[in-house]
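A.B. asks: 1 is the number of the first residue of the sequence shown in this note's numbering; add one for each residue after it.
No lab work stands behind these hints, which were simulated from the structure alone.
Do not rely on the hints blindly, as some may be mistaken.
Distance condition first, Cα-Cα at most 16 Å in a straight line; then the derived EDC-like pairs of lysine to aspartate or glutamate [to be verified]:
| id | residue 1 | residue 2 |
| --- | --- | --- |
| 1 | Lys34 | Asp126 |
| 2 | Lys172 | Asp40 |
| 3 | Lys99 | Glu43 |
| 4 | Lys166 | Asp124 |
| 5 | Lys129 | Asp232 |
| 6 | Lys166 | Glu236 |
| 7 | Lys250 | Asp204 |
| 8 | Lys258 | Asp178 |
| 9 | Lys134 | Glu43 |
| 10 | Lys75 | Glu60 |
| 11 | Lys225 | Glu203 |
| 12 | Lys34 | Glu96 |
| 13 | Lys258 | Asp171 |
| 14 | Lys198 | Asp180 |
| 15 | Lys42 | Glu96 |
| 16 | Lys31 | Asp95 |
| 17 | Lys75 | Glu65 |
| 18 | Lys129 | Asp178 |
| 19 | Lys258 | Asp180 |
| 20 | Lys118 | Glu151 |
| 21 | Lys31 | Glu243 |
| 22 | Lys172 | Glu245 |
| 23 | Lys31 | Asp101 |
| 24 | Lys238 | Asp197 |
| 25 | Lys225 | Glu243 |
| 26 | Lys34 | Glu245 |
| 27 | Lys24 | Asp124 |
| 28 | Lys69 | Glu151 |
| 29 | Lys99 | Asp38 |
| 30 | Lys250 | Asp40 |
| 31 | Lys225 | Asp204 |
| 32 | Lys34 | Asp95 |
| 33 | Lys24 | Glu245 |
| 34 | Lys188 | Glu243 |
| 35 | Lys42 | Asp171 |
| 36 | Lys118 | Asp149 |
| 37 | Lys31 | Glu203 |
| 38 | Lys166 | Asp95 |
| 39 | Lys172 | Glu60 |
| 40 | Lys166 | Asp197 |
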Amino acid sequence: MIILKIGGSILTNKDAAESEIDEKNLSRIAKEIKSSLDNDSKEIIIVHGAGSFGHPPAKEYKIGEPFDKDEYPQKRIGFSKTQNAVKRLNMLICDEFIKEDLPVVAVPASSFMVATNKRITEGDLDSFKRYLNKGFIPVIYGDVVLDNDLEICVISGDQIIQYLAKNLNPDKVILGTDVDGVYNKNPKTHDDAVFFDKFSSLEDLDTLEGTTNIDVTGGMVGKIKELLYLADLGIESKIINAEIENNIFKALNNDQVKGTVISRG
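From just these sequences and the hints, can you work out the full model?
C.D. replies: Okay, here's the thing in C-alpha cells:
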C-alpha cells in the first residue's frame, strides 16, 4: 500500500484572491497516477491539502482557537464554510481523476474523525480497508472536525497521513510539494538555500528558517514532525517536487527521484 499526499500548493493557487484550482498540475498528476497503476497494480490512498479553498475561511473564522459560548453560532458557520470549500476542491480533484479512469472515492475526515486539542484521536478506518479490498482509491483531505477540547478544529493533510500510516502500516509514504524536498530556507527566495537529502531527528529542525508558507496547518516544519513520528514506527517517507513532470509517476514506481527522505538512523 502507498499513501500519496499531494500538497494544496500544487493543486491550487494558494495566493489567489478567489479559490482557484491548478488545472494543468491536476490533470498531469492524474495521468501520472493512472500510468503508474497501469504499469503495476497497487493499493493507493490519496491525501490532498486544502490550498486556496480551505485556508481562507479557516483563518477568517479562527477555527481551532478558543472561543466564548456566544461566539459558537459564528464558529459553526465558519466550520460549515470551510468544510464546504474543501469538499468543493475534493470534488474537482475527483472529477479529474475519474476522467482518467481512476476509481476514486471521497472519504471526508469531517464525517468520521474526531480530534482532542487539534490531534486526531478517533477515526475508524474500516471503510478504507473495505474500499481498498474492492479496488477503489480512497481520497481524503485536510478538513475541519469536531474537537473534544476546542469544540471544532482544523486537521491538516499531513496529520491525516500520520494517522493513516500508523494504523494501516503502508509500504511507502510519498509527499508531493512545490519544492524538491526540505531546505534550510525557502529555495524560491534564497539562492543559497541548502538541500537536505535526509532528515532523521528533531534536532535537524533547528537548522530550518522556514521553507514554505506557514499556514493554518503548520507548514514544512509541521510536516516533518508528523513524518518523524512515522519514522519512529519504522515507516519511511519521502518529500518530492510534484511540479516536475513524471516525479509522481517515478516515485510510485520506485524509480529514482530527487527528494528528502524522512527516517531514523
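A.B. asks: Does each hint fit the structure? Answer for all of them.
C.D. replies: Evaluated hints:
no.	hint	verdict
1	Lys34 to Asp126	25 Å, violated
2	Lys172 to Asp40	15 Å, holds
3	Lys99 to Glu43	19 Å, violated
4	Lys166 to Asp124	13 Å, holds
5	Lys129 to Asp232	23 Å, violated
6	Lys166 to Glu236	11 Å, holds
7	Lys250 to Asp204	27 Å, violated
8	Lys258 to Asp178	13 Å, holds
9	Lys134 to Glu43	10 Å, holds
10	Lys75 to Glu60	10 Å, holds
11	Lys225 to Glu203	11 Å, holds
12	Lys34 to Glu96	11 Å, holds
13	Lys258 to Asp171	19 Å, violated
14	Lys198 to Asp180	12 Å, holds
15	Lys42 to Glu96	20 Å, violated
16	Lys31 to Asp95	13 Å, holds
17	Lys75 to Glu65	10 Å, holds
18	Lys129 to Asp178	30 Å, violated
19	Lys258 to Asp180	7 Å, holds
20	Lys118 to Glu151	10 Å, holds
21	Lys31 to Glu243	13 Å, holds
22	Lys172 to Glu245	20 Å, violated
23	Lys31 to Asp101	10 Å, holds
24	Lys238 to Asp197	9 Å, holds
25	Lys225 to Glu243	23 Å, violated
26	Lys34 to Glu245	14 Å, holds
27	Lys24 to Asp124	34 Å, violated
28	Lys69 to Glu151	10 Å, holds
29	Lys99 to Asp38	15 Å, holds
30	Lys250 to Asp40	12 Å, holds
31	Lys225 to Asp204	11 Å, holds
32	Lys34 to Asp95	14 Å, holds
33	Lys24 to Glu245	11 Å, holds
34	Lys188 to Glu243	13 Å, holds
35	Lys42 to Asp171	11 Å, holds
36	Lys118 to Asp149	8 Å, holds
37	Lys31 to Glu203	38 Å, violated
38	Lys166 to Asp95	29 Å, violated
39	Lys172 to Glu60	36 Å, violated
40	Lys166 to Asp197	23 Å, violated
This entry does not satisfy hints 1, 3, 5, 7, 13, 15, 18, 22, 25, 27, 37, 38, 39 and 40, going by the numbered hints stated previously.
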